[in-house]
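Listed in order, the protein sequences are those of chains A and B. The opening position of the first sequence corresponds to residue 1 in the numbering used here, with each subsequent residue numbered one higher. The opening position of the second sequence corresponds to residue 568 in the numbering used here, with each subsequent residue numbered one higher.
Any given hint might turn out to be false.
To be verified - Below, computed lysine-lysine pairings styled on BS3-like, alpha-carbon distance capped at 30 Å: (1) LYS707/B - LYS662/B; (2) LYS609/B - LYS434/A; (3) LYS333/A - LYS112/A; (4) LYS691/B - LYS434/A; (5) LYS383/A - LYS393/A; (6) LYS662/B - LYS691/B.
To be clear, the hints were calculated from the coordinates, so they are not data collected in a lab.
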Amino acid sequence: MPEDVNQNLGPEEEELISDRRYHRTFIASVLAVSIVAIIPLLIMTGTTYRQYRTVFDAEMTRPMVRFTTNGKQSLESFLSEHISALTMVIRERSFEELQENRTLERVLMNLKQAFGGFIDLGVIDEDGIQLSYVGPYELEGVNYEESIWFHEVIMRGVHVSDVFMGHRNFPHFVIAIRHDLGAGHQFVLRATIDTDVLNRLVQSLVIQPHGDAFIINRDSILQTPSQFNGDILERSLLPGLPHSTQTELVELEAQNGESLIVACAPIERSSFRLVLLRPSSALPTDWLNLRRELGIFLVISIILILGVIIGGSVWMIRRMQEADRLRALCYHKMEYTNKMESLGRMSAGVAHEINNPLSIITEKAGLMKDLLQLSDKMPPREKLVELVNSVIKSADRCGGITHRLLGFAKHMQVKHENVDLDLLLREVLGFLEKEAEYRSIYVDFQFPELQPTVSSDRGQLQQVFLNILNNAFAAVDDGGHIVIGVTHDGANMVAVSIADDGIGVPEENLARIFDPFFTTKKGAGTGLGLSITYGIIEKLGGNITVESTVGEGTCFTVTLPKGHTVD
Amino acid sequence: MSNTTVLLVDDEEEFVAVLAERLEARGLMVDTAENGEIALQKAESKGYDAILLDMAMPGMDGTETLQRLLEINPDLQVILLTGQSTLGQAVEAMKRGALDFLEKPADIDTLVSRIETAATEKTKLDDQRIEQRLSDIVRKKGW
């Protein structure tokens, strides 16, 4: 039987070691430990990443700025070289000389040889009429009076145009210089320059791979072809390029979503701006390696940490589960031991109680035998019937006692049912009736008129009250009083008080009275009785309190949930 | 042996009544007492050959009753009736001067034979006592 008891834990114990509860604990523990372990790792890795990134970014942008500045200087010197050359021509040659195509042709040839890029050369008078022209087209006599560039060169003295197709149908730009002849007269020397020279210069600035370099004008129109951002004379695909007067570095997002680092520098004396760009993803291999190593380190660390955490938590939860199970088992065993102890104590009383009717049965049966044997006459019928009835009555008495005992031994599992408190208390008291009689202990019942029922477990309640009453019996002297009172406690509870006028419990012991193994009966008690009583009442959803005064007595009050009213 | 007088002390009236009837059917003279006090009164007023005493009784229990009976007359032959639960007390009581003990429910023939033994013992003691008294008188009178 003890084995049986151990295996069959009650529903409360099952609840205590239910999987759901452990699952929650497991998740909470894994989350908490993971957060504590992984967040610092992430922060550290993130910081390292950012710092390296800054270093590498600086390494990437520095050459861009340098290239752009160099490119700007080259372009500016290219322009000023050409402007100087034309200025020199205009100063060395007279207006009349320049109107002669022969002279102009020689000048153009010299310029081509010295600088390259010159395509044609023309002289235009103050009214915008082309007076002379050398070059691949027939442009003599063309009137430029309405052209914007003409107005500008008249106003400013020097003009560098945007790149355009013009009559010539290939990309070029114009440098024009005004020369004052005195007395308010002036003329303009105009040269067309092939953009090839610009293109070559700009292309040499491209940072490979995936880099790009080009020139745009004020309106973001491409002045040289770009590898990725549109063809010459198209609008640049890059939005929001800076217009500052110095070399500037910005990060932009291209139309395909790619992140770019863009350097932009204005070219003096023109509307040109030199643009260099490279995708920020085109990072150096070192950086890529480092990033990969960091990533691998992070992933492996997280896997290891999570593994250890999950493994540890599983182990911990298993241990917890095992400990809880053992505890439940232990408690169960303790409860069982207490029950056996109560049974042992009871059995002495019960043996005596059974023995009395048994003796009567024996004697009555013996008397019948005597009547039949000792006399030859048939004994009177009524006498025999009376004796047999008496035997039956005594046997019934025995039966009642054994039933009560069996009822107590059953019900190890908690089962809620409506229990009639009056009946139950009287049953329990039945076990102690003889002791009460012999020791002249007076037990008084005080019940309310409406007999209360409680929703509880009959067997467990029997044990609770037997434990408390046993204590009361132990506390009182012969001839003592025990008062059992039942009152309603609020709408949902019933309070049972068991008061004795015994020796009482000192205050220092009162606090420990429900502790396991706390006993003052040296050698006589296990100290489990009241602790188990307490456990059972908690389990039944009730409550137990104790008040005591030394020398005056002790009162235990048990509150229990009221039963459902059955109509 | 006829005219053996027995006092039956037990709180279970029904048991006492039946046992008395059975013993009387076997030629014994039976008196009953339902508790210790009554037993003491009866023992004081009359000398019994044997006393059957139940161990477990309300009020004065068997042990105390035995002690006080022997105070009245140390020659009293007391046979204890006991259940399982009071066996230890019965053995203890034997050491204090009880003649014998029997477990309830006892076999009637055994019981009768024990009572006879007790009566014989009592008679022997009574005889000794008379002899003693006679010899005392003889010595005193100087016969």
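Hint-by-hint comparison with the structure:
1. For a cut-off of 30 Å, the pair hint linking LYS707/B to LYS662/B is broken: about 36 Å separates their Cα positions.
2. With a C-alpha separation of about 26 Å, the suggested pair LYS609/B and LYS434/A falls inside the 30 Å cut-off, and the hint holds.
3. Distance check on the hinted pair: LYS333/A and LYS112/A sit about 114 Å apart at the alpha-carbon level, beyond 30 Å; violated.
4. Distance hint between LYS691/B and LYS434/A is unfulfilled; the C-alpha atoms sit about 39 Å from each other, more than 30 Å.
5. Of the supplied pair hints, the one linking LYS383/A and LYS393/A holds, its CA atoms being roughly 15 Å apart against a limit of 30 Å.
6. Of the supplied pair hints, the one linking LYS662/B and LYS691/B holds, its CA atoms being roughly 21 Å apart against a limit of 30 Å.
Figure legend: structure checked against the earlier numbered hints; hints not met, in rising order: 1, 3 and 4.
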